[in-house]
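Peer 1: Read off the chains here:
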Amino acid sequence: MLQPEQPAIAAPENLRWVEAKRKFLPYAYLSPTLALLAALTIIPIATVFLYSLVDNVIVNPNPPVFVGLDNYETVLGDRKFRGALGNTLYFAVVSVAAHFVIGLSFALLLNTRLLGSKTKALFRVIYILPWVFTASIIAILWRLLLNPHGVVNFVLLELGFVQEKMEWLADRDLALNTVTFINIWAGYPFYMVSFLAGLQGIPDDLYEAGRVDGGNSWQLFRFITLPQLKPIIVSLALLDFIWTIHQFTLIWMTTGGGPMRSTEVLSTYTYKAAFSSHEYSIASTLAMIILAICTFVGILYVRNQRMTDA
Amino acid sequence: MVGGRAQLRGAKLLTWVALIAGACFAGLPALWMVASAFKSNLAIFAYPPALIDHSFSFNAYLAVLGDARQLRFFFNSYLVALLVTICTVVASILAGYSFSRYDFRFKRFLTLVIIGVQSVPPITLMIPYFGLIVWLGLYNSYAALVLTYMVFTLSYAIIMMTGYFNTLPRDLDEAVMIDGGGSFVTLWRILVPISLPGIVSVGVYTFMLAWNEFLFALTLTRTNDMRTVPIGIHLLMGQHSFEWNQMMALSVLGSLPVLILFLLFQRYFIAGMSAGSIKG
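First to last, the protein sequences are chains A and B. Start counting the first sequence at 31; every next residue gets the next number (this note's numbering). Start counting the second sequence at 132; every next residue gets the next number (this note's numbering).
Derived by calculation from the structure, the hints in this document are not laboratory data. Hints should not be assumed to be uniformly reliable.
What the hints assert, rightly or not - Okay, derived cross-link-like pairs now, DSS-like style, lysine-lysine, Cα gap no bigger than 27 Å in a straight line:
no., chain 1, residue 1, chain 2, residue 2
1, B, Lys238, A, Lys148
2, B, Lys238, A, Lys150
3, B, Lys143, A, Lys53
4, A, Lys150, A, Lys51
5, B, Lys143, A, Lys51
6, A, Lys110, A, Lys260
As the list claims (entries may be wrong) - Beyond 10 Å from chain B on every Cβ pair, some chain A residues (computed):
no., residue
7, Leu45
8, Trp47
9, Arg52
10, Val78
11, Val97
12, Trp172
13, Gly180
14, Phe191
15, Glu194
16, Asp201
17, Asp243
18, Ile254
19, His276
20, Ala304
21, Ala313
Stated by the list, open to error - Covered stretches of chain B, as calculated for chain A (at least 3 residues, CB under 8 Å):
no., segment
22, 165–172
23, 175–187
24, 203–214
25, 247–259
26, 288–298
27, 337–348
28, 355–366
Note that beta-carbon positions come from the ideal geometry of N, C-alpha and C, so glycine has one too.
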């Protein structure tokens, strides 16, 4: 009588074990990732947040003092901060808009039926070139090109576009537009490549139908291409906006935020607060504000992604 | 008919004009970089400027390649980028497998966290990293760079790997499981081999991100023998005499790895680039 009962008792045990293992396994596979994220993202962000609420952190002989939101008040009321915020937004908005226009134009150009596939492949490589260079190389290259005695001034003088040698990066009225231009040059290939993939995914039938309905090429672009690319456009713009706000190297190595803070953006301003002035509480407060801006845009990005998936 | 043909020719001409104008915008700066690396430093700002002039030589390249300190920048960059790539690929395969094949309680939340990490500004993490890395005794070490770079390479890699695994039918792994293989065996014997294209995409993209990193390399290393190529260029620029031709030679040499990877793995690169914007 006991004999048949044995498996009946053992089975739930075994099942429970299998069940537990099944529950535990996905976390085991994720463990390296989770450990890294906890140690190098969650804890550091908590630390910065804490620093931003306290005075006298890190390099100060006095003990830390909890000051609540005082640092935020100081930063938000600071003209230098507002200047950097304004520069950052200008830099990001103009970059994103220009990336979109150039990236889409080049993608359309490379997607045309008027050219052979070999020609297109060659030009695709040329058009992607700026993306191959790392930011510090882009910075040094453009410092050479835009040097007052450099080749850009030479060409513009010869063509009569400028009357004298311009200090593109050292003139406070020009510098912000100059670094924005360099960032535009550096960043459009990402859009171009994504748009190319997107364009190739638009079914030909749509265009056929459009043509049958008598649409001209502008109308086909306006009412078929653009709406079809819309999800890509939105996520690219949001991602790029975040990346442009992250941008540090390019500005640090071309102007360092100068002259007269005319190209100071939030990232260079934060870096200076931490490593030049050693005001770690202020730097942490700035870091939290940048994080808040990027998180806000990031939430929009995730929402957009989810709508695309659905 | 004739009007149509003329119109087509006009459109073709216009396309070519636009194509060449675009190529000048994209390519001329790069061409100037290469040309300047062959000049003598005195000839860099010669008037009128010429693409190739009498001072043409390989001296700038030889100077870079003959300088042990600058070669060390390359060694460091290659080593760190390779280590980051290996660690990222392994961790992202494991995580991607978990996200693709299992349902678990915090899956949705963790997916959001991993996507969200991409929007965390490096500058926000830099301040605590400095303290943390010093505290761990990792300041000025390769480990400091590898670990911190992975924060940014990993989230991207996991999204790509999960996406790739999702395209593979589940029947494949279930067949192996029924034959008695554990989930780990299934992953390495079945999924990894057929996911090679996806893994290559993740790898080349990770290598490039690591090769390009600047902020952490700047703040978490101190001595010249630990500097990477981007920081090396920054240091050369800080010196009082601008050796433009050498900096351009260093730039050309510093861009070659990514350029070669790109030309070899173009398809995979493009898959990697567009993965973030098209599928998330």
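Peer 1: Which of the numbered hints above does this structure break?
Peer 2: 1, 2, 3, 4, 5, 6, 9, 10, 12, 13, 19, 20, 21, 22, 24, 26
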